[in-house]
Amino acid sequence: MELAELSLFSQAIILFAALVLFTSFIMLGQTRTLPLIFTFAWQGLLLAVVTVLVAYVSDHPDLYVSAALTVVLKVVLIPWLLYRLSVRLNMQYDAEVILHPSLLLLAGAGLVIFSYYVALPIVRLSGLATRNTIAVSIAVELIGMLLMCVRRTAVAQVIGFMSMENGLFFSAVVSTYGMPLIVELGVAFDVLVAAILFGVFFIQLRDSFDSLDVVRLNRLSESDAPMPSHDEAGAPPPGGRA
Amino acid sequence: MTLLEITLLTPLVGGLLLVFIGHRPLGGWVNVITCAVTFGASLAMALDVFAHGPQLSGGRMFYIDAFNVYLVTLTAFVGMTSAIFSRPYMRHEVERGRVTDVRLRLYHSMYQCFIFSMLLALSANNLGILWVAMEAATLTTVLLVSLYRTPEAIEAAWKYFILCGVGIAQALFGTVLVYFAAENKLGADRDDTMLWTVLHGAGAGTLDPAVISLAFVFLLVGYGTKVGLVPLHSWLPDAHSEGPTPMSAVLSGLLLNVALYALVRVKMLVDASLQTNLAGHLMMGFGLLSFLVAGLFLHRQHDIKRMYSYSSIEHMGLMTFAFGMGGPLATYGALLHMTVHSLTKSAIFVTVGHASQLAGTQRIEHIRGLMRTQPAIGWGLLIGTIAIAGFPPFGVFISEFLLLMATMQSWPWLAIPLLVGFGVAFAGLFRNLQPMIFGEPPPGQQPVEANMLPVAVHLVLVLWLGVSIPGFLSSWFEQATLLISGALPR
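Top to bottom, those sequences are chains A and B. Following this note's numbering from start to finish, the first sequence increments by one per residue and tops out at 242. Following this note's numbering from start to finish, the second sequence increments by one per residue and tops out at 1490.
Next up, chain A with everything else stripped away, as it sits in the complex:
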């Protein structure tokens, strides 16, 4: 099908879907904490726009609720929570070093191609107006996962996690016009609880490791060298700064 034959709204869906993917790439390359959080908020907003457009085109009023949930959770609440925490933990200006930025972006591009391959059987079967964007949604999910794998700060990993969640929500919207409302609500509840738990963890990590650098989480491993811990299981938690 030629793109020009699609209705204006369908073309707009494809445009915004592409922008969502674009924000994924920005996050992949963004090393500073605050811009990373803002980019994530933008991704949520664009996703909500896509959802509203799909709801309008396909005439599924349930999707308006999903879009509203996305705005509340992913555009306002979670970014705000992360922002507050990063200010409170005084790391809003931190930047981490990415070892091979260009290689990373190329890997992201590779994942996009892979997603188109994965999406082939789905697209073949689908008759929905949004089927062109199914591959994009899978790519957003996979790039979120890549972000979690390569980044070393807890904040970036959380952003990757939530971005994956975005990709999943996106794929549900474009492949089946969203899941049943009760499931959407359940998933949103889980995401909210996860976000709060992440906040609790930031504080716990900061208190124990004096850093949100997850590279320092290396005490538990399978090695024959005796582990430093556990000998004094009865001792109170260190809690102090290293």
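Hint data in this document are derived by calculation from the structure and do not stem from the laboratory. Any given hint could turn out to be false.
[Claimed, not checked] Covered, in the sense of this in silico footprint (three residues per stretch, anywhere, with C-beta under 8 Å from a C-beta of chain B), are these stretches of chain A:
1. 137-149
2. 187-199
3. 208-217
[To be verified] Ranges of calculated distance between the beta carbons of each label pair, as one might list FRET restraints:
4. A/Leu181 with B/Leu1009: 40 to 46 Å
5. A/Leu103 with B/Arg1372: 55 to 61 Å
6. A/Leu103 with B/Ala1036: 41 to 47 Å
7. B/Arg1024 with A/Phe114: 54 to 60 Å
As the structure is a prediction and not an experimental result, all values here were calculated from the model. For every residue, glycine included, the Cβ atom is placed at its ideal position computed from N, Cα and C.
Chain A is fixed; fit chain B onto it per the hints.
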């Protein structure tokens, strides 16, 4: 109120109540009583289902059949006995200053919420709700893993959170794909097409094979992470070893079962629409790999709880392998193995909790002379480990024997790695166990207050299942086997 509603609501109400009173001495009792009520209701429900067949709740949100009702009962039972153990254990931890009042409240409340989310996952009819409940089971336990706030505990909890979060996200994608395939064929009422009964009843045969295979791969990775299949297992030993011991008992004994349950449910759908054994072969491969690798890792452990969590991976691998093989005999064996593994492993973790309180450490090198210092703990650990290693006359022997028979019938060559795996795991457990039990106790080691009642009850049950499986339980397993594999074991 139906029995199902009582079973589900009791832990939820208990969890909310314990937010406020969980730190009082009463809190431990409320925890036990809530679990006891849940168990009573689930038992009554089980007898009802056994007599009158599967039940679909009003609104079709919940579905109870022979397969999940026995897991509901098992979950409620092990939840109850672990709660009985947890009351004095946590009091001891408070006395040692490892847990504050706030954390004790969190602990008790989350314990109930965790039981609730597992029961919800088991009884949900909607694949989406199943996913939500599985994720909720992670979320409720993650703060319990970091309860002691040691750097190791926080690291373990972070790994658990991230790895299980990523894993389970794949399962959500798989669920979306199943929904997509179903909506495409069944179409009619959108909200219905995610219901397991609808999918399994009318539509399964007609779903698109390509999409369903893709969905199964994602679901296997997703729920497989929670089952602890190698190579997605690395969160499991950490989470099980760093949290409070009653948590390790329910994680190892119950959560892994629930994840495997989800996988088997999905496999039933996939098998019906694929007409090939793709799902079974994938599960066999991952299962066998987990079984062998975890057996080898048993030899390298220095932490007693880590060692037994690798043993859990090994047994979950074996069950996954058996469910993958399909066939009535293998399915029957796997169902039995799920039960006896849960009972034995939670008994072992309870004993291990006492042993590490006795020795003041979880390091295997420093736990010595249990038999001489406190024979009850020594015998408990010895008998529990003998049972889990698969010695007759315990139930694990029977189920492993059935699984071996099934393997010889359908895949004779695979019996060799299976036998080697049993041997390797046995050696791994006993080389560490022997000095812990019979070694020279360090000077000044004092007995601790221990409640061995749950251990004794579990081990007697496992022994009973090994000597003779009671008739009602056997016909129960047969009903579930018929449901899963489509035939009765001969």
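- Ascending list of hint numbers which this structure does not respect: Violated: hints 4 and 6.
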